[in-house]
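Asks: For reference, the chains in residue letters:
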Amino acid sequence: MTSDALDLARWQFGVTIVYHFLFVPVTIGMAWFVAGMQTAWQRTGKERYLRATRFFGKLFLINFALGVVTGIVQEFQFGMNWALYSRYVGDVFGAPLAIEALVAFFLESTFIGLWIFGWDRLRPKLHLATIWLVAIGTTASAYFILAANSWMQNPVGTRVTEDRAEMVSLAQVFFQPLQVWHFVHTLAIALITAGLLVLAVAVYWLRRGKDVRLFRAVGRNALLVTFVSSVVAIGAGHFQAQILTDVQPMKIAAAEALYESASPAPLSLFAVGPWEKRPERVDVNIELPYALSVLSTNSVDGRIKGINEVQQEYRQQYGPGDYTPIIGTIYWTWRVMITIGFAVLIFSAVGLWLTRKGRPLERARRFHTWAYLFLATPFIAATAGWLFTEMGRQPWIVQGLLFTREAVSPYVGVSSVVFTLVGFTLAYTILGAVEVWLITRAVKKGPEEKFEGASTKAPLPPMLY
Amino acid sequence: MVADPGLLNLETLWFVLIAVLWIGFFVLEGFDFGIGMLYPFLGRDDPERHALLATILPVWDSYEVWLIVAAGAMFAAFPGWYAGLFSGFYLPLFGILVALIVRGVAIEYRNKHTGGSWRRTWDVAMPISCLLASFLFGVLFAGMLNGLEMDADGLITVGPAALFSGYAVLAGLTFVAVFLLHGALFLTLRTRDELEVRSRRAALLCWPAAAALLTGFLAWTGVRAASPDPQNILVLALISATFLAGVAAGPLVWLRRAGSAFAATSAAILLLVASLLVWLYPRVLVSASPGVQSPTVFSTASSRYTLVAMTIVAIIFVPIVLAYQAWALRVFRARFSRDDFADPPSAADLLRRGPLGGGASDRGATDSTDSTDTTDTTDGEPGGQPGTGR
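Protein chains in written order, with full-length UniProt numbering: chain A, 1 to 465; chain B, 1 to 390.
Hints may be right or wrong, so weigh each one.
As the list claims (entries may be wrong) - Examples of chain A residues lying across from chain B (beta carbon under 10 Å, computed):
1. A65
2. Q77
3. S109
None of these hints come from the bench; they were simulated from the model.
Just so it is clear, CB atoms sit at the ideal spot from N, CA and C, and this is done for glycine as well.
With the hints as constraints, model all of the structure from the sequences given.
Replies: Structure representation (structure tokens):
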């Protein structure tokens with residue numbers, strides 16, 4: 001193994017997982033939206049909710065396909081590029097993956113087929129149940145995979161033998177506090193992503209004056225979901241960060257570009273330093289006194305360890321080496337994520353205020369432009385969030401247990417990794433373009449025309465095919 | 001890990017479970033792959049192709065999950081096996097991944113746009129990707145049994161060329177031919193009229209090639225596995241049974257017993273994979289390096305705690321999964337013909353044919369004026385449901 005192969009394998013993981021995670025939040029969030037819309041139809045019998053279900057269901061399905069096919073790459077990649085990692089952690093890390101597949105993937109993949117094609121074959125209540133099972137399946141799958149990821153950040157429930165990590169408590173791996181907040185945070189982000197997508201689509205059609213009642217209701221509900229979810233996402237993110245201050249002090253110190261330990265510690269608002277992997281100083285640093293201590297430790301003068309102190313500690317504990325991630329990347333991905341979080345909160349609050357007491361969304365013309373612009377933000381924030389989470393852990397692949405450089409497949413050559421990296425990137429680029437084209441087209445086409453048999457008792461044609 | 005001599009241990013249980021998952025995957029995706037390779041040739045125009053593809057549209061995704069669970073279970077139960085196999089077969093697995101990605105997207109996206117060149121593109125991409133995936137899975141399975149050079153920890157050290165031995169290539173071709181036959185037989189069961197006739201003819205055409213390749217591959221395997229060891233006698237018995245099942249499919253379909261013929265190819269796939277894995281056991285890969293023991297289920301297994309935890313999860317969820325998958329298969333058991341997908345079926349046509357009663361028919365009146373809209377929303381999966389519809 002050379003350091004080139006290691007870097008390339010890391011790039012491959014980064015490219016494939018970031019790409020995969022562009023689709024996953026949409027899938028998870030949209031599943032709940034579509035389930036909600038279909039439930040509204042079943043309960044009220046109003047045809048417009050049926051049309052909303054099928055229209056947004058179509059967007060959901062176009063996106064679902066890419067989420068599925070890119071997901072399988074992730075599972076195979078651990079063994080292909082990270083054989084030593086797989087062998088070292090399989091005992092603990094493999095279990096959530098296998099359980100995810102068995103419990104969640106079977107559920108969502110079987111019932112999505114039943115949902116798409118079951119419109120004329122299943123009784124309405126049973127058919128409604130299928131989309132709820134899909135939503136539960138996608139969410140459960142997120143829970144299991146995040147449990148595996150949380151374990152990499154904070155390996156609990158584990159005993160280390162001479163050559164591997166062994167699980168001693170499945171419950172700890174699945175329910176450690178970091179994981180619980182990690183999951184709540186990610187689920188909220190999925191709902192925000194879907195909410196902003198639904199809102200943008202609703203605005204698109206409101207501006208064209210089509211299906212005004214339908215899209216008014218859908219748009220306002222999307223704003224409501226986005227607002228509540230961004231409160232939850234920010235709250236969960238806060239509790240995650242508090243736990244990280246304990247279990248990954250280096251990540252938090254890097255996120256704040258805090259070199260020297262401080263008590264009380266200020267919150268950095270804007271810092272600029274030399275462009276090195278690990279600059280020794282920051283040049284400009286605008287700070288909010290006491291804030292980091294308050295946020296991280298719930299006390300005014302809580303002590304926060306700086307980069308230098310953590311580095312020192314790790315050297316003593318794990319031997320010589322550089323234990324810092326790339327400070328600039330961590331600092332800025334953290335800020336991008338947080339800034340977007342608050343921006344979305346404010347944006348959705350404004351939207352709700354503009355539509356208070358039944359004021360129509362289509363009148364708020366200036367807000368529409370913002371609705372389009374904000375569509376990009378959850379994708380940027382989620383990407384930044386993952387880069388922060390995964391790169392902030394470096395040089396560890398499993399915090400404190402295994403270095404990334406010790407995890408890569410030793411006999412996979414540079415040329416093989418280059419070949420597959422190019423292959424995946426190329427395939428993903430083409431498919432991404434195809435998906436965007438299909439979704440845009442489906443959005444522009446709008447909801448289906450009226451259904452003659454839209455009462456809850458008549459059979460409806462299956463979707464799309 | 002100390003090797004446990006008996007068969008009643010967790011390692012063996014998980015080896016069997018993983019074998020079952022792989023077998024389930026090959027039996028179910030085998031006909032998906034076969035249909036993917038056949039449908040552009042069996043379907044002469046778009047409605048026909050659409051009808052052929054519709055036989056697997058609602059279910060292919062859930063079948064692919066068998067593979068995902070199989071790989072996940074290898075990762076969790078035998079990390080050493082997963083690491084050795086997946087890093088050792090790096091390029092074949094990359095080929096499989098790309099093929100599965102393209103195939104999945106082709107199935108999902110083909111009918112989402114009506115353009116001629118759009119559909120032609122996917123109609124070319126799908127057979128190629130199904131062919132590639134089938135072939136490479138054969139290479140992978142035979143490759144596990146080929147002695148390969150590895151380091152002391154069971155990681156394969158040789159480059160990609162060594163993976164494509166004659167035996168592995170023959171296995172790949174055999175997988176392709178058997179899946180073609182399997183797919184043609186499935187189509188015979190799920191289509192009507194002209195399409196059913198053509199599917200049956202395709203099965204009869206595929207059978208000689210499938211039977212010949214299967215016989216050749218089984219003979220080679222038999223020669224390699226021949227020994228008086230009781231385990232290898234079991235392997236030889238399984239090989240013979242595979243041969244019988246594979247060969248029986250042809251006469252059965254000729255006698256118009258398509259259901260039995262499909263059962264025969266299903267059995268052949270099951271027995272084929274089973275014989276290879278029984279031969280492999282308790283090894284998980286075969287070492288060709290002097291002085292390096294082949295890794296086994298015992299040397300690569302996870303801790304007892306993990307295996308027990310996973311066993312409990314499996315005992316609870318495997319029956320549930322099997323139950324709802326069987327139910328889904330039953331829901332989608334209708335046969336299709338060209339008529340079901342011919343243009344222009346209106347929403348009203350579909351409602352009239354709906355299985356939930358004729359009451360729908362008087363809802364009449366087509367109001368879809370946009371022709372593309374009609375295609376997208378109604379072009380497919382019509383009523384024609386046996387049991388209630390007719």
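Asks: Decide, hint by hint, whether the structure agrees.
Replies: The hints, checked one at a time:
{"no.": "1", "hint": "A65", "in the structure": "4 Å, holds"}
{"no.": "2", "hint": "Q77", "in the structure": "9 Å, holds"}
{"no.": "3", "hint": "S109", "in the structure": "4 Å, holds"}
The structure meets every hint from the earlier list without exception.
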